[in-house]
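*Asks:* Input sequences plus hints: build the corresponding full structure.
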Amino acid sequence: MMAAKRVTIDVVVDTVCPWCYVGKKRLETALSRFPDVQFTVRWFPYQLAPTAPVEGRNKLEMYNEKFGAARVAQMMPMMAQTFSQLGLKYSVGGLTGNTLDSHRLIHWAGQVGGPQVQNALVEELFSNYFCEEKYINDRSVLVAAAEKAGLQGAAEYLADSNNGLSEVKQLLASKARGISGVPNFTIANTYQVSGAQPPEEFESIIRSVLDKQ
Numbered sequence: 001m002m003a004a005k006r007v008t009i010d011v012v013v014d015t016v017c018p019w020c021y022v023g024k025k026r027l028e029t030a031l032s033r034f035p036d037v038q039f040t041v042r043w044f045p046y047q048l049a050p051t052a053p054v055e056g057r058n059k060l061e062m063y064n065e066k067f068g069a070a071r072v073a074q075m076m077p078m079m080a081q082t083f084s085q086l087g088l089k090y091s092v093g094g095l096t097g098n099t100l101d102s103h104r105l106i107h108w109a110g111q112v113g114g115p116q117v118q119n120a121l122v123e124e125l126f127s128n129y130f131c132e133e134k135y136i137n138d139r140s141v142l143v144a145a146a147e148k149a150g151l152q153g154a155a156e157y158l159a160d161s162n163n164g165l166s167e168v169k170q171l172l173a174s175k176a177r178g179i180s181g182v183p184n185f186t187i188a189n190t191y192q193v194s195g196a197q198p199p200e201e202f203e204s205i206i207r208s209v210l211d212k213q
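Following my numbering, the numbering of the sequence shown begins with 1 at its first residue and continues without gaps.
Derived by calculation from the structure, the hints in this document are not laboratory data.
None of the values given here were measured: they were computed from a predicted structure.
Here a beta-carbon is modelled for each residue, glycine too, at the ideal position from N, C-alpha and C.
There's no promise every hint is true.
Said to hold, decoys possible - Simulated DEER-style distance windows between Cβ atoms:
id : residue 1 : residue 2 : range
1  : Leu165    : Ser208    : 36 to 42 Å
2  : Ser127    : Gln81     : 14 to 20 Å
3  : Ala73     : Glu201    : 27 to 33 Å
4  : Arg139    : Ser194    : 30 to 36 Å
5  : Gly114    : Gln74     : 38 to 44 Å
6  : Met75     : Gly114    : 33 to 39 Å
7  : Ala80     : Asp160    : 37 to 43 Å
8  : Leu165    : Gln85     : 36 to 42 Å
As the list claims (entries may be wrong) - Restricting the straight-line Cα-Cα distance to at most 20 Å, the calculated cross-link-like pairs of lysine-lysine (PhoX-like) are:
id : residue 1 : residue 2
9  : Lys134    : Lys148
10 : Lys5      : Lys212
11 : Lys89     : Lys25
12 : Lys89     : Lys134
*Replies:* Below is the structure:
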């Protein structure tokens, strides 16, 4: 009996990047087309706004300030339509802010729970922020997301601001090298995909990887 084929995919994201959530969903659509392949998806940090306030600020106000109200008025319907195509409801309500604690939590999830638990946590955080108007740096939101993903002890872990800090900072430096934006996907440590590409793009690359195994 032949051993199952395995493919590892490393994904660099920020938890306040809507296209990162879109990219996650499109990647998962592609992976579902290979039921006999064992995929390991690992999540790595990136900060679009490393100096963003930890206390949070109004999300829509930040968008208007960063992009201009006219551009935001064009962007939001497009983003809502993109999410709708994935069966998701996009919202710009709530607060945005610093994402460092969310990345510390995701890193910890990968260490103590493994890729599946880490992936479940990333899904929950994305859904919380983009669809449920929950603040990504709210400690109670982070702890609840961890518990839903099957992790216990998140409150204690996050309470010490040094837990995971050096590791995440090292990853922010190393994984961001050579990356101009997120999401960024590295498939089988060889093929790099930038942006939330259609599922067919991921599928094509995965087939190339499998053909060489």
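*Asks:* A separate judgement is required for each hint: does it hold in the structure or not?
*Replies:* Hint by hint, here is what the structure shows:
| no. | hint | in the structure |
| --- | --- | --- |
| 1 | Leu165 with Ser208: 36 to 42 Å | 38 Å, holds |
| 2 | Ser127 with Gln81: 14 to 20 Å | 18 Å, holds |
| 3 | Ala73 with Glu201: 27 to 33 Å | 30 Å, holds |
| 4 | Arg139 with Ser194: 30 to 36 Å | 32 Å, holds |
| 5 | Gly114 with Gln74: 38 to 44 Å | 41 Å, holds |
| 6 | Met75 with Gly114: 33 to 39 Å | 36 Å, holds |
| 7 | Ala80 with Asp160: 37 to 43 Å | 39 Å, holds |
| 8 | Leu165 with Gln85: 36 to 42 Å | 37 Å, holds |
| 9 | Lys134 with Lys148 | 15 Å, holds |
| 10 | Lys5 with Lys212 | 11 Å, holds |
| 11 | Lys89 with Lys25 | 13 Å, holds |
| 12 | Lys89 with Lys134 | 14 Å, holds |
Every hint from the earlier list agrees with this structure, and none is contradicted.
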